[in-house]
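*Asks:* Residue 28 in UniProt numbering sits at position 28 of the sequence shown, with consecutive numbering throughout.
A portion of the hints provided could be inaccurate.
As the list claims (entries may be wrong) - Straight-line distance between alpha carbons at most 16 Å, and here's what the computed EDC-like set of lysine to aspartate or glutamate pairs gives:
no.: 1; residue 1: K59; residue 2: E73
no.: 2; residue 1: K57; residue 2: E74
no.: 3; residue 1: K59; residue 2: E74
no.: 4; residue 1: K82; residue 2: D58
Treat the hints as calculated values from the structure; they're not laboratory data.
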Amino acid sequence: MDSSFMAKEKGGGSCTSHLIFLFFFSSLFSRFRVNFACGQHEGGDIPFHFNPRFDGKDKTVLNTFQSGRWGNEEIHEMPFRKHEHFEIIFIVNDVGYQVGTPGRGSLGDCWCLFLPHLTRIHPLSGMNHKCMEYSLHLFQVGFKGC
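Working from the sequences, and respecting the hints, build out all of it.
*Replies:* Have a look at this one:
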């Protein structure tokens, strides 16, 4: 069953936001996506599109949608596994986006950041919605804005 979650961030401006998701990915589905969008209307700009795909050639696709057109896909390896719980953190600031998962570093528990994405849409202050469309079980969402 497809589901969606949308959170509206008040204001914009210069700040760093953290959005954390806790998932369990079902074997019945092959992909999910998280869009950080400029507005709620269909066809609006999407400075950051995050799309893990479990379809035999497991990969994570990053992209940007601007002025009615998708940009060039950035393809990265898959950091998640089916049938396992996983957490994702999205860090949004004036430079762009970072995606991370919990891990262990030399200093103990930490967030291991991967997949930095410098957006092609500026300024980021226009981005005021986080729209997540998914086919998985969402257990928890946490948001820390400025």
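*Asks:* Now tell me if each hint is right for this structure.
*Replies:* We went through each hint and held it up to the structure:
1. Taking the CA atoms of K59 and E73, the gap is near 11 Å; set against the 16 Å cutoff, the hint holds.
2. For a cut-off of 16 Å, the pair hint linking K57 to E74 stands: about 15 Å separates their Cα positions.
3. Between K59 and E74 the CA atoms are separated by roughly 10 Å; this keeps the pair inside 16 Å, and the hint holds.
4. Proximity of K82 to D58 is assessed by CA-CA distance (about 10 Å); at most 16 Å being required, the pair is judged to hold.
When the structure is compared with the earlier hints, no violation turns up for any of them.
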